[in-house]
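Protein chains in written order, with the numbering used here: chain A, 296 to 575; chain B, -3 to 323.
Source of the hints: derived by calculation from the structure; they are not laboratory data. These figures come from a predicted structure and were not determined experimentally. Glycine included, C-beta positions come from ideal geometry on N, C-alpha and C. One should not assume that every hint holds.
Derived coverage of chain B by chain A (criterion: at least 3 residues anywhere in the stretch with Cβ under 8 Å from a Cβ of chain A; other residues may be distant) [as the list claims (entries may be wrong)]:
#1 29 to 39
#2 55 to 63
#3 66 to 76
#4 264 to 272
#5 280 to 286
This is what each chain is made of:
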Amino acid sequence: MVELDLDLDVSAEATANVARAREFASEIVAVEPVMGDSVLLTLTAPEGMAAQVRAGQFLDILCRGETSLDPLIRRPYSIYRANARDGTLVLLVRPYGRASHWLVARQPGDALDVLGPLGNQFTVAPRSRNLLLVAGGVGAAPLVMLADEAVARGLSVTYLMGAAGAAGLLPPGQLPSAVEYVVATDDGSQGHHGFVTDLVPGYVRWADQIFACGPEPMFRSLRQVLLGQRIGGKPAVQISVERTMACGLGACLGCVVETRRGMQTSCVQGPVFDMDEVIW
Amino acid sequence: MPDLSVDLAPNNPRELRLANPVIAASGCFGYGLEYSNVIDVQRLGAFVSKGITPKPRAGNPMPRIAETPAGMLNAIGLQNPGIRGFIKKYPPIWAGWRVPALVNISAETVEDFATMAALLDEQPGIAGIEVNISCPNIAAGGYCFGWDPDMSAEVTRAVRAATTLPLVVKLSPGAIDIASVAVAVEEAGADAISLINTLVGMAIDVKARRPTLANLTGGLSGPAIKPIAVRMVYQVAAAVTIPIVGMGGITTLDDALEFFMVGASAIQMGTAIFVTPSAPLALIDDLAAWMEREGVSRLDEIVGVAHPARPGQRRRDLEPETAIAAG
Chain A
296 MVELDLDLDV SAEATANVAR AREFASEIVA VEPVMGDSVL LTLTAPEGMA
346 AQVRAGQFLD ILCRGETSLD PLIRRPYSIY RANARDGTLV LLVRPYGRAS
396 HWLVARQPGD ALDVLGPLGN QFTVAPRSRN LLLVAGGVGA APLVMLADEA
446 VARGLSVTYL MGAAGAAGLL PPGQLPSAVE YVVATDDGSQ GHHGFVTDLV
496 PGYVRWADQI FACGPEPMFR SLRQVLLGQR IGGKPAVQIS VERTMACGLG
546 ACLGCVVETR RGMQTSCVQG PVFDMDEVIW
Chain B
-3 MPDLSVDLAP NNPRELRLAN PVIAASGCFG YGLEYSNVID VQRLGAFVSK
47 GITPKPRAGN PMPRIAETPA GMLNAIGLQN PGIRGFIKKY PPIWAGWRVP
97 ALVNISAETV EDFATMAALL DEQPGIAGIE VNISCPNIAA GGYCFGWDPD
147 MSAEVTRAVR AATTLPLVVK LSPGAIDIAS VAVAVEEAGA DAISLINTLV
197 GMAIDVKARR PTLANLTGGL SGPAIKPIAV RMVYQVAAAV TIPIVGMGGI
247 TTLDDALEFF MVGASAIQMG TAIFVTPSAP LALIDDLAAW MEREGVSRLD
297 EIVGVAHPAR PGQRRRDLEP ETAIAAG
């Protein structure tokens, strides 16, 4: 049996300088098409929250009207961008299932029932100067926010992005201008013809840390290309995983990830994990 | 201000007195701490811990959750630190809390149930035990305790002998005749009965052409199961005199009133808390406002009002024939 570490670190969560999770009524202020059939939803948030949320955290959104019970459970969306100036938060939503189809059909002025911010965050080590970000599809979301934070701190950022075709790529204008943006497409319609992870070896010696978010096969491929490339586990790799969630607060244990430290919840102890700690 | 309080163990000197009848259900509220930064946990009538087992359990492989129409399936697999790990960590915290905390226990042998109850008996911060009899009985080849009145009674008797703590026995909706199980656990010394646990269900991922849950089957909860739960509380209310805690898909005030009106003295909320952590607190407020509006000064004035066999005259022979026909 796996060694169990069921410490919840609730007190640590509470004392860290991050926004307190809460239920709130939000209003959609902008809906912008992006990356083909996806949209960027800009939402209002309680005062001060946009300045306190951190890259890697997510919002749990109720994707139904008040009179419906379906879809029943909230859906987690990584925060794409936090605008401290006007207090808004931005989410990247791709229509995939019933909940996300409902969400992409919202209009400015519509209300949203939100729980958050939830989850841990990407951790940039104090000595890190060069950050390599690896995004697959809508996995781009939390890494945009990380790029924002890193550039604001004067760090060098290379943002690698992969998609099926050119239409699925993040427009370069969405990233801070100081970011080096390199893309790959499965069909070769733009950038490298192949997987985004093919690009990673060229940056391993430059990067102090690697941050990745995307579908499960991308993580497997990332592990594969990094085999024998890293020295003593450097650069360290943090990944943001996606799991079906129910409570979002570490109570139901429905979204666990098996790690070397035992079963960990992706909603509270994640969604960001050290790649080397995850048992695949 | 109407009186929302309720004693769920009127026959037990240790009492299980709740300020209101709204309880957070086992498995849906962790150990209370998980929600303490988001809502005022102390306002709840009570909460029930995640299911505790004799030994630590890592739980089932992923995926553990599947959403279904107005419901969800879960197969967490009782991931928990085991009774000893649990005792070290949580009771000392709960001892400083105002809200009554119940511990939900699960085991695969009668002896293990009794051992856990004995260990909990003298712990601080524990208001009572909820016994989960929806587990496989190893001695009976894995047949679920809660499906059989005699096996349910045996567990109840053993736990009763091991502790004087208030005892709530949580019934399984898989029982062939839920009223007989209720009668059996009442006679075996249960202070109260809670029902229903989840119903066993399954969902298929048609894209992958396999069951969505790694465990194949899971427990169905949420609004989808409410009518079944109301029917079962109705049947049990006709059969026993000890307090009943009703649950199964309760989301709104009207949902809760249905359970009270067929004979529940208190209710539990589970899946609704996943969706909206403050839902039980809103329910307490809504219930108080409703009682005020309706001129109901005490909760027991409405308990069982929709039941042909009203409280005090509950008899098994008044069990509705329609339910038997439908069964």
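Here is how each hint holds up against the structure:
Interface restraint, the stretch 29 to 39 of chain B with chain A: holds (6 residues with C-beta to C-beta distance below 8 Å; minimum three). Only when three residues or more bring their CB closer than 8 Å to a CB of chain A does the claim for the stretch 55 to 63 of chain B stand; here the count is 7, and the claim holds. With 7 residues having a Cβ less than 8 Å from any Cβ of chain A, the stretch 66 to 76 of chain B passes the three-residue criterion, so the hint holds. With 5 residues bearing a CB less than 8 Å from a CB of chain A, the stretch 264 to 272 of chain B meets the requirement of three and the coverage assertion stands.
Remark: the stretch 280 to 286 of chain B is not confirmed as covered by chain A, as 0 of its residues place a Cβ nearer than 8 Å to a Cβ of that chain, below the required three.
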